[in-house]
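Chain B: place on chain A using the hints.
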Amino acid sequence: NAGVMQNPRHLVRRRGQEARLRCSPMKGHSHVYWYRQLPEEGLKFMVYLQKENIIDESGMPKERFSAEFPKEGPSILRIQQVVRGDSAAYFCASSRDRPANYGYTFGSGTRLTVV
Amino acid sequence: KQEVTQIPAALSVPEGENLVLNCSFTDSAIYNLQWFRQDPGKGLTSLLLIQSSQREQTSGRLNASLDKSSGRSTLYIAASQPGDSATYLCAVKDTGTASKLTFGTGTRLQVTL
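In order, the protein sequence lines correspond to chains A and B. With positions in the first sequence counted from 1, the corresponding number in the working numbering is that position plus 182. With positions in the second sequence counted from 1, the corresponding number in the working numbering is that position plus 107.
Keep in mind that a hint or two might mislead.
Stated by the list, open to error - Below 25 Å or equal to it, Euclidean Cα-Cα: the simulated PhoX-like pairs (lysine-lysine) are:
1. B/Lys149 - A/Lys253
2. A/Lys244 - A/Lys233
3. B/Lys175 - A/Lys226
Treat the hints as calculated values from the structure; they're not laboratory data.
Here chain A stands alone, though its shape is the one from the complex (with noise of 0.2 Å):
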């Protein structure tokens, strides 16, 4: 009974750079999220997608930052020409349904280093 899986656990990529962080929910969850904690702050919403659609991207930067989740696949959060205020981790979550009222699950996160 896997849980949300992210891949992969650690990323650097140099300034300039495109990062690809991946998500598979877990078994039976159609709904997913993206969170981003930023050192010594609290985690802050991204984007939440469903199968082929996404949802809320309130919490998206406005450039370089997307998020896909295709019918077939993991989830994709993409960050082109990624700058040193990019380094964070980045943690996945899926629930069960869109209110979540099984709450939420999360994974053990990507943490990308911009050097």
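Chain B in isolation, oriented as in the chain A frame:
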């Protein structure tokens, strides 16, 4: 805009003590509240989920209470152990938003031998 505050920011207690972690939120129109544990460099582990209609939830040595009208929740840990050392996060889900959780910045707990 919902804001979640956790007090204290850090806490150190000797093993065996009972302790209370506090969480307050500014908008009482919440759908549910969830307590998580985060170990250094790791992900979040869900501890307890309290729906807005509930007053408390218990799991083993953990008990979480919710007073929605006053915007407060507490996490009570009985007979603390060194393995309880971690950061404890409180997160609320508002009724007005279908998606996001609003997190507090956490309480960093250290249980000493």
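Inset, instruction - Tell me, in ascending order, the numbers of any earlier hints that this structure violates. - result: Number 1 only.
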